[in-house]
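Participant: Here is how the chains run, residue by residue.
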Amino acid sequence: MKQVAINQPKKQPGRFILYGLLIFAGLVSLFPFYWMFVMATQPNHVINQTPPALLPGAELVTNFTNVLGTIDFFGAMMNSLIVSVAVTAGSLFLCSLAGFAFAKLKFKGRDVLFVLILITMMIPPQLGLIPTYYIISQLGWLSDLKAIIVPGLINAFGIFWMRQYIKEAVPDELIEAARIDGCSIFRVYWNIVTPAILPAFATLGIIVFMNVWNDFLWPLVVLQDQSSHTLQVALRALSDSYNRDYGMILSGTFWATVPLIIVFLLFNKAFISSLTQGAVKS
Amino acid sequence: MVSKSEKYTEKKARRSLSEEKRHSIAGYLFVSPFFILFAIFGLFPMLFSFYLAFFKWNGLGEMTYNGINNFTIIFNDPIFWKSIYNTVIIGLLGTVPQLIVAFLLAYALNSQVLRFKNTFRVAIFMPYVTSIVAVAILFSIIFNNQSFGLVNSFLGIFGVEPIVFTQSEWGAKIAIAAMIFWRWVGYNTIIYLAGMQSISNDLYEAAKIDGATLTQQLRYITLPMLKPFVLFTVFMGTIGSLQIFTEPLIFFGGNLREEGITVVAYLYRDAFENNFFGTASAVAIVLFAIIMVFSVINLLVTNRLGRGKARKA
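The listed protein sequences correspond, in order, to chains G and Y.
Residues in the first sequence are numbered from 1 upward in steps of one, following full-length UniProt numbering.
Residues in the second sequence are numbered from 1 upward in steps of one, following full-length UniProt numbering.
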């Protein structure tokens, strides 16, 4: 059947408003990025003038060199990368394993345990902040990336998500057939379930990676040595330095943002659909 | 003598029994990492917070029992009440306009005559991809107190004197709310858009045949069908607003002024700057209680909505 355009505003003014609204919204969304770039290329005396500069200057390299002199930018980026990759890989494995158990294995108390996991999603993370900090310090993990990685591995939403997906994507017959052929249960998970849920891995992976990469409060509390700072904590240290060198500060935030934007532009379809799926399903 | 078929059923029964056992063992094994880690990093800290809220402790020395004094202390602290007030105001300022604008943008993006849909979608969604810290730093410079701050120079065009945003009761809140608005509006637009796209075109066609105007279609089809999505964003917005922390911390550059301190920022300052672990735990419990109340309200509303739908069907 041919799709009939229903919401079509027939008169030109309607279309004019439509484009006007969206162009304005797009400009408001993008302008701060542009201005961040402008400031990252300007010397301070230009930044401190009224009205502010709206065109790029020539200090791109100088400002970034100053960033490198103030914080260990690449070290922090490396820490962020290590933490995010480790948490993403680890929690994808644990969530899919538990999701598989909840979706396909029969064991006593299964449904009760699953409801318990759902309930834990309602607890705000700040509630246990202080004791968790104490536990981490007792374990000797302060300023150790393990402090972020290990507690980050538990993900109630991830288990819920994986269970729903595995329930739909993997037919029981397939599992039974593999069992009759003598596959161990773990091999069923590894050889049959994981290949069938690759899209779920991609979706959940994006969500987890972004959350870990952008997390701030917990890393701020436990990563005290500068050498262990993730990018977010390092950026904060950068903006708190005494000389308010705005060109340098925005150079730091700009270069910290660029990789995210590139990744987003490359995968924007997957990105947007994964976040909406994650949101709508929960 | 045992017949062949009986033998078969017996064998099958034995196998299925052991299969059941295997399922159990594997099941418990596969879900155990969550429960072990949750016990250490979730449940225990949570219970310990409830315990700690009744003790005086600086994190190093001895814990001394303090009864309900920690609660009395925070309830008598005007800054604590200020932090709750700020959290609510910033939450409302950042969320309500955001959801309305997100709805309008989603409605525009859903229009079938629109071209460059994906370009608009990507542009509007992009702020969500940046980190909160980067956004907060950027906006604290845009809302710079001096006349060269972007917002102040803009207001200067209209002859407005430069506003000292960090020290202004409403200036601080508006600046922080603006950060939240800018970062999240695209995300909610995408959620609403997904909701609108899930509405069957047949409904609109039927309405059109019946002579419904655009406004009527919006009111009787789009809005009611979008209700679950709206509830979701309201719920997430509420919970998220109650946990605002990064924006004020960065905006005030560590010196959390009372014009914009939020509950979580208050908690952070109490615990990790002043080492008042007991009162900070009391704050955590009050925050937990508030979030629980909102969650239960949301659950009730959602359930009632679901029941209403079931009855209609």
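Derived from the structure by calculation, the hints contain no laboratory data.
Heads up, some of the hints might be wrong.
Derived lysine-lysine pairs resembling DSSO-like cross-links, with alpha carbons at most 27 Å apart [said to hold, decoys possible]:
id, chain 1, residue 1, chain 2, residue 2
1, Y, 117, Y, 227
2, G, 269, Y, 82
3, Y, 208, G, 167
4, Y, 117, Y, 21
5, G, 106, Y, 21
6, Y, 227, G, 269
7, G, 167, G, 269
8, G, 106, G, 146
9, Y, 208, Y, 227
10, G, 146, G, 108
11, Y, 56, Y, 82
12, G, 108, Y, 82
Participant: Please go over all the hints and tell whether each is borne out by the structure.
Facilitator: Results of checking the hints against the structure:
1. Between the alpha carbons of residue 117 (chain Y) and residue 227 (chain Y) the distance comes to roughly 24 Å, so the proposed pair stays at or under 27 Å and holds.
2. Taken as a hint, the residue 269 (chain G) and residue 82 (chain Y) pair is broken in the structure, with Cα atoms around 42 Å apart against an allowance of 27 Å.
3. Our distance criterion of 27 Å between C-alpha atoms is broken by residue 208 (chain Y) and residue 167 (chain G), whose separation comes to about 39 Å.
4. With a C-alpha separation of about 54 Å, the suggested pair residue 117 (chain Y) and residue 21 (chain Y) falls outside the 27 Å cut-off, and the hint is violated.
5. Proximity of residue 106 (chain G) to residue 21 (chain Y) is assessed by CA-CA distance (about 9 Å); at most 27 Å being required, the pair is judged to hold.
6. Note on residue 227 (chain Y) and residue 269 (chain G): the hinted pairing holds, with a Cα-Cα distance of about 25 Å set against a maximum of 27 Å.
7. Using a Cα cut-off of 27 Å, the hinted pair residue 167 (chain G) and residue 269 (chain G) holds, with the two alpha carbons roughly 25 Å apart.
8. Proximity of residue 106 (chain G) to residue 146 (chain G) is assessed by CA-CA distance (about 34 Å); at most 27 Å being required, the pair is judged violated.
9. This hinted pair checks out: residue 208 (chain Y) and residue 227 (chain Y) have alpha carbons roughly 22 Å apart, not beyond 27 Å.
10. The hinted pair formed by residue 146 (chain G) and residue 108 (chain G) fails the criterion: a straight-line CA distance of about 33 Å is larger than 27 Å.
11. In summary, the hint linking residue 56 (chain Y) to residue 82 (chain Y) is supported, as the alpha carbons are separated by about 23 Å, within the 27 Å threshold.
12. Using a Cα cut-off of 27 Å, the hinted pair residue 108 (chain G) and residue 82 (chain Y) is violated, with the two alpha carbons roughly 49 Å apart.
Against the hints set out earlier in the document, violations occur for numbers 2, 3, 4, 8, 10 and 12.
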